[in-house]
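K.L.:
Chains as they are written, first to last, in this note's numbering: chain A, -14 to 309; chain B, 8 to 671; chain C, 14 to 490; chain D, 379 to 598.
Treat the hints as calculated values from the structure; they're not laboratory data.
For every residue, glycine included, the Cβ atom is placed at its ideal position computed from N, Cα and C.
Take the hints with a grain of salt, since some may be wrong.
Said to hold, decoys possible - With the C-beta cut set under 8 Å, the calculated list includes, among others, these residues of chain D facing chain C:
#, residue
1, 495
2, 508
3, 538
4, 539
5, 558
6, 567
7, 568
Claimed, not checked - For each label pair, taking beta carbons as the anchor points, the in silico distance ranges come out as:
#, chain 1, residue 1, chain 2, residue 2, range
8, B, 31, A, 54, 32 to 42 Å
9, B, 588, A, 276, 47 to 57 Å
10, C, 65, D, 442, 29 to 39 Å
11, D, 476, B, 158, 53 to 63 Å
12, C, 65, D, 450, 33 to 43 Å
13, A, 261, B, 474, 52 to 62 Å
14, B, 620, A, 54, 31 to 41 Å
15, C, 208, B, 267, 47 to 57 Å
16, B, 651, D, 408, 22 to 32 Å
17, B, 626, A, 23, 52 to 62 Å
18, B, 557, A, 3, 19 to 29 Å
Letter by letter, the chains look like this.
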Amino acid sequence: MTISGAIVSMVAQGGEMGLVLLVAPLLVGYVRKVKARLQRRQGASLLQPYRDLRRLLGKEVVLAENASWLFRTAPYLIFALTWIAASLVPSFATGLMFSWTGDLIVIISLLGSARFLLALAGLDVGTSFGGLGASREVMIASLAEPAMLMIVVTLALIVGSTQLSTIAEFLRSGVAGLRVSLALALVALVIVALAENGRFPFDNPSTHLELTMVHEAMILEYSGRHLAMLELAASLKLLLTITLIAAIFFPFGMTSGDNGVVDLLGVSRGILAWGGKLCVAGALLGLFETVIAKMRVFRIPGLLGIALMLGLLATLLLYVSRGL
Amino acid sequence: MIAVLLGIFALLVVGGIGGVISEKAPVFVYVGSFVLTLLLFAGGLSALFAATPMALALPLGIPWIGAHFRLDPMAGFFLAVINLAAAGASLYGIGYGRHEREGARILVFYPWFLAALDLVVIADDAFTFLFAWELMSLVSWALVLAHHHAPEVRRAGFVYLMMASFSGLVLLLTFGLLAGAEGHYAFALMRATRPTPAIAGVALMLALIGTGAKAGLVPLHAWLPLAHPAAPSHVSALMSGVMTKVAIYAFLRITFDLLGAPPAWAAVVVLVLGGLTAGLGILQALLEGDLKRLLAYSTVENIGIIFIGIGLAMAFAASGVAIGAALALSAALFHVVNHAIYKTLLFFGAGAVLSATGEREMDRLGGLIHRLPQTAFAMLIGAAAISALPPLSGFVSEWLTFQAILLRPALPQWGLKLMIPADGALLALAAALTGGCFVKLFGITFLGRPRSNAARQACEVDRFSRAAMLAAAALTLLLGLFPGMLIDALAPVMRELLGVSLAKQSAMPWLSLIPISPARGSYNGLLIFLFMLVSTGLIIFAVHRFASRSLRRAPAWDCGFPDSNPITQYTGASFAQPLRRVFAASLFSAHETVTLPPPGDTAPARIEKTYPDRIWNMFYAPIGFAVGWIATLFNPLQFLTIRRYLAVVFAALVTLLIGLAIWQ
Amino acid sequence: MIALAGVLGVPALAAVLLAAIPSYRLSARLNGVASLIAFSAALSLFWSRPRGGPLIVVDDLNVVFIVLSTFVGFTTSLFSASYISHELQTGRLTPTYLRFYHAMFQVMMFGMNLALVSNNIGLLWVAIELATLSTVMMVGIYRTHEALEAAWKYFILGSVGIALALFGTILIYLAARPELGGGVDGMAWTALVGHAHGFDPALLNIAFVFLLIGYGTKVGLVPMHAWLPDAHAEGPTPISAVLSGLLLNVALYALLRFKMLLSACPGAIAPGPLMIVLGLMSLLFAGIMLYRRRDIKRLFAYSSIEHMGIIVFAFGMAGPLGNFAGLLQMVLHSLTKSAIFFAVGHVAQVKGTQRIADIGGISESHPLLGWSLVVGVAAITGLPPFGVFTSEFLIISSTFARAPLLAVGVVCGLLLALGALLLRLSSVAFGAVRGPVGPVEASYVPMFAHLALVLIAGVYLPAPMVAWFQHIAVLLG
Amino acid sequence: MQAISFDVAKLLAGGLVLTSFLMLYQVRLPAVLNVLALHSLILALAVAWQAHVQSEPALYITAAITLIFKAILIPEALRRIVEKLGIHREIENVTNLGITMLAGVGLVALSLEVMLPVTMHADLLTRTDVALALSVVLLGLLLMVTRRNAVSQVAAFLSLENGIDLAAAGAQGMPMVVELSIAFSVLVAILVIGIFLFRIRERFDSVDMQALDAFRGDRR
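Just chain A, same shape as in the assembly:
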């Protein structure tokens, strides 16, 4: 790899990281907008999330009296972890420079780390709501994470790799064809994705003061820039999961960036395709959230259990019979 090549790929990697950061709030705004329109409301502007962030960043932080250093550093770490995870998912191009620093398992674990910190932060002030949020988050994660891993296992068994770029390229090439296991995995992944992002029917992303809240309960004590970091991390995570589903199951339109030379045409085509996929996914999410109602907390494990079972079934099918 030449020096110039290295610079180009660094730029490409950096550009990707910047791009996901930029797009994330927009996606949140877009989903909100879709939901508002479906409810026959005008809704806030697409750019409202950016405005919220700016406002929060400018505000003074009000910190609970007994908050520790963990409480203060957690938002930044959570944000950084989510950002890294998001940048490891191939959005418009596969095989970017640092894509091999981590595979799908790493991505899941990075999100897991973020959640670990968030749950701790929820417990730090010692309020009942924080504990409630952390406790439920842990319950959801305890099922969602294995389900996610089983999906990874399914993919890895089909492709022979846990490397997302490899998976995306393999599936794009069409060698795998349509498989029962893949379909099971898709259903499972969608369920898990909803749970991970605290969307309906697991959690309501736009409320406080509801006894069933999970994510919002944990960040109840946060304010100002800390809250901004957490909001941004949440939107990054939404972007990440949608991108992930897109990269695995709808890998068309992506460009390959592994040999150090990035053709601009491919990149722009990739970005367009990615944008299109986000739009469709966002619309579907908005539609889904409008149609469906939120679940009782103790019915959540059942749904997630189904996801886990689907993942396990997909894997078993692969082990037992190679054709499926």
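Following the hints, put chains B, C and D in place on chain A, whose structure we already have.
P.N.:
What follows is chains B, C and D alone, placed relative to chain A:
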């Protein structure tokens, strides 16, 4: 070799002296142990990389067998692991031992315990091995009984030594089988004669039971959560972090070294037990409210993970996929190292909490991050590492195990085809539950507001304890950042046991971890860490530079319902309630009863939870009951009249005569 | 011959002298000195062995037994010297009884040594009867209800046993007569074993049944064990130590002799399986019975039954390994069990009771004593680094290769016994201190000496001793 | 000569077995003691006959000891004990008499059966003698087991010992017969003295062993 033996002998001497002198004994014993274990650690490392195994035979024990010692790479590896953790524990002990009230009961046995641990791994014949094995049990039993006034400690000691002896006797049967009628007790002779498949199978199962009982494999784990917490904390650390690993060593030694290629069905058994152990262990840990018991249950879980790795290695070895076996075994051994480090760290932390507050019950702690900042930091690292969070070391071994599961070679057995993915799911479940479990441990103990006066007035522990904890935390981070180094160090062990080893990892670009091929999967902890540092730094800098930096302290908001009473915080039990409902309701038949007083009654509402220990009730209680029942049934035989006794003798005589008449 | 005179004559002479000396201090000392002389004489047997005759034989087998029994006799006499004076203070014994006690001690030593060196199976029987009678006297010496009952039980059961053994002995002679002709030779063991191949097997079989039941009663094999726990529990502690450490061995020695005889006759039943069954029964039964014991000495008495079971089992398994292990186990059991009884004696004196429920936390109130008890129990349950571990290792591993199910039975028995002893130990040695905490007055030296020997045997067995044992093991067949 | 000596020996041995049965049948203590004296007397005769047949003068001594000691002295002593303890009127039996007798017959059959394969090279005399002696020993044990009273147990033990003596006397040329029988007599003597020595009456209020067994160590 001689140096290692001398080192072990010196440990024995240190213990002996520690029992005799009274003044300054703790410092002498722990400093002595620290220095000696460091030396032994170096000895282990040198054996790991030595070209040929070192061996030595002494005319001890049974004369015609002699005492054989051998330091091959695997022994060297485990010697290094044991003594690394032991050095940490000794360092911790310098501080912790000072305010240990039953100090004298520990000082003698502590170095002996270390010596016995070391002896097990360098033993090269069945007698020496079992000698050291049982010695290890006996001495640790004495250590468990250090706080002997509590009845539950005595009960723990009883259950512990019973199970340990059971394990020793089962291993004795194993070796008896392997030694054959000619009495080939030396391992070299056992290696030379390959037993028939039937004998090998029986021996393997016996070895699994024998070592499993010591390692804490479900359902033979019942003693572990009783005994480990009962001991003083640095001893608990060693028991959990090291002694269980010695059992792993024994299993590997018998399975891969003495027996040769394991059969595929045995791999299925190991995988089933490993998966069960991992799952049940962590669920029990989640339900636990006692700091040290929680850690002990988590040890059970980690043993399960290690056994999953070993089971995979056995499966691959049986199917002839040597590189897969190497991958799986590397994962297992990596986990051995990891667990040795972070479990000792966590037990140190628990000990620090115990000595600072006198409390082990999490629901009476809280807010310790303010009072014990350094301990809290080290514990945070430990908790994150054991939850397999990148870029710490725990993640690496889990990642490697998954890579092994994902290899999917053509497997001959239906059992394997079913068990490997099922273990994958169990492993994933265990990993996720571990995260929850340690959020609970750290969150309830160190975060929030103090729930008792003891927690409110705690002070940071002494500098030796802190040094031990921080060193362990640094180690776990280092291993996470440079996992390739450990994988490379494991290569001689792999070559010894399996004949192949993974590719040299230090030669990989950017020090990445690429066990099989870059296309299959790779991981770079260092880069992830750097990314984290850079992006966190960047974002903090950016926010503080361009946005607000003002900050105000105020009472917690809590959605407008703040309550000044710390009792209203979530406790460990309430934190675990959703998980208890989800998992434990059916598995452990956990049960909740809520008593709400009728309106107008001022009595407090109560919630009571019960979860009977099913494994105890299924396996242990019946044995205890049966023994008690038979004992009661037979007891009247002590109180017969002389005439009746005579009748018994008479009956015996007549029976023998009748038998004789028939026989003739 | 001088050595033999030391082994036999000194106890006999001392018995007479002790019966005449009124001062108990002097007699205690004399008792020790006589035992020491007997012990040194026994040691000298290693170097100069007297030529045997029709009545007396000294060979490789019984030298081990003689040395062991004179050694334990010697240490016990030391222990007893410091122990018994305390009994006088508490008024449990009077000086007259003490005089009787010391004389009887030497009579018993004489009886046992005579049994061990006798070549004549009739003499053997007489000697064992003598030893039995003298111990009966000592068991009942406290003259409490329980002591008298124990002594009477011991007496009746022991007499029946000894009578049956005599019948067996006569049958042996009858079997041998056609081959050897009458006369003294017909009962000389050396002659018997040489011609055993020509004996009538059927008669030998009946004889062995009677000998097994008869001497087995004295060994304490289940179901003939009933006298043993009570005799151990109610007699003075030095006597418990001697009973467990010596008398059982002497009876076992007799049994072994006859076993050799039977194995030498091709048509006779194999004595091995019978011994294995009885041994295993004793092991398992004693293991179970240990659980409900409330008296600390009775507890360890049952442990003696258990160990005799193991030893008989090992000799029943036979083969060079089995016999070796059995011998080793027997020697180490004698040493360990007498050490435990020494410790228990101290405990009982300090606490003034033998009830387990009234004793507690000794490792705290008397660290040295408490830990010695712990060490003793660890040793007796077969944990390293103590010698019993070595012998149990050999027994189980060699058995498993030949008869796996039997080995499993032994393992179960060992675990049962361990469980029971451990349960009691954890309340006696650990936990809150219960009972008086006065100082220990008797001497620790014998106990330490025994434990040290057991420890050394666990780590290192001297090559000459091993060669010796191996030689005997081959002799035993 | 051979035939006669054989017949007489057999007759005496058979008489011993018969007496054992007689003893088994007795329920009153004085009667038991009387039968015991008879038992010992027959034994003394048998031993003397053996001394005559084997022309072994030492056996005459044994016969004499048996006669004086066991046929006269010990029964007398026991009788006195019984008188002194005031239990001479007591009727004692534990098991059903019929069953006991039946068991006795079974035991005799067993001892004959067991001795059947024994091939004595030289003489038939010994074989029968030993078979009958074995019966007497077993019957003596049975008697011990079925009796409750210490005195009758001692008596039963004596009859058992008589069986052993019979075997010893029958064994041609056996050395030390005298020594052995003396040693045994000492045992028996101590046993008898033991009833006094152990102060069974005074301590336990009865010679009944059930009362004696009330003091059982572990039940404190």
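K.L.:
Using the Cβ atoms, figure out if residue 557/B sits within 19 to 29 Å of residue 3/A.
P.N.:
holds, 28 Å
K.L.:
Is 33 to 43 Å right for how far apart the beta carbons of residue 65/C and residue 450/D are?
P.N.:
Holds, at about 41 Å.
K.L.:
Under the criterion of a CB-CB separation shorter than 8 Å, is residue 567/D in contact with chain C as hinted?
P.N.:
violated, 11 Å
K.L.:
Could you tell me whether the CB distance from residue 620/B to residue 54/A stays inside 31 to 41 Å?
P.N.:
holds, 39 Å
K.L.:
Should the hint that residue 65/C and residue 442/D are 29 to 39 Å apart at their CB atoms be regarded as holding?
P.N.:
Holds, at about 34 Å.
K.L.:
Hold the hint about residue 508/D up to the distance rule: shortest CB distance to chain C must be less than 8 Å.
P.N.:
This interface hint holds because 6 Å falls under the 8 Å limit.
K.L.:
Range first: 22 to 32 Å. Now tell me if the beta carbons of residue 651/B and residue 408/D are that far apart.
P.N.:
Check passed, 26 Å falls within 22 to 32 Å.
K.L.:
With 32 to 42 Å as the target window, see if residue 31/B and residue 54/A comply at their CB atoms.
P.N.:
At roughly 38 Å between Cβ atoms, residue 54/A and residue 31/B fall inside 32 to 42 Å, so the hint holds.
K.L.:
Regarding residue 476/D and residue 158/B, is the given constraint of 53 to 63 Å on their beta-carbon distance met?
P.N.:
holds, 57 Å
K.L.:
Any CB of chain C closer than 8 Å to the CB of residue 538/D?
P.N.:
With a minimum Cβ separation of about 6 Å from chain C (threshold 8 Å), the hint on residue 538/D holds.
K.L.:
Go ahead and decide if the range 47 to 57 Å is satisfied by the Cβ distance of residue 588/B to residue 276/A.
P.N.:
28 Å Cβ-Cβ, so the 47 to 57 Å window is violated.
K.L.:
Measuring from the C-beta of residue 558/D to each C-beta in chain C, is the shortest one below 8 Å?
P.N.:
holds, 6 Å
Violated hints, in rising order: 6 and 9; the structure is consistent with all others.
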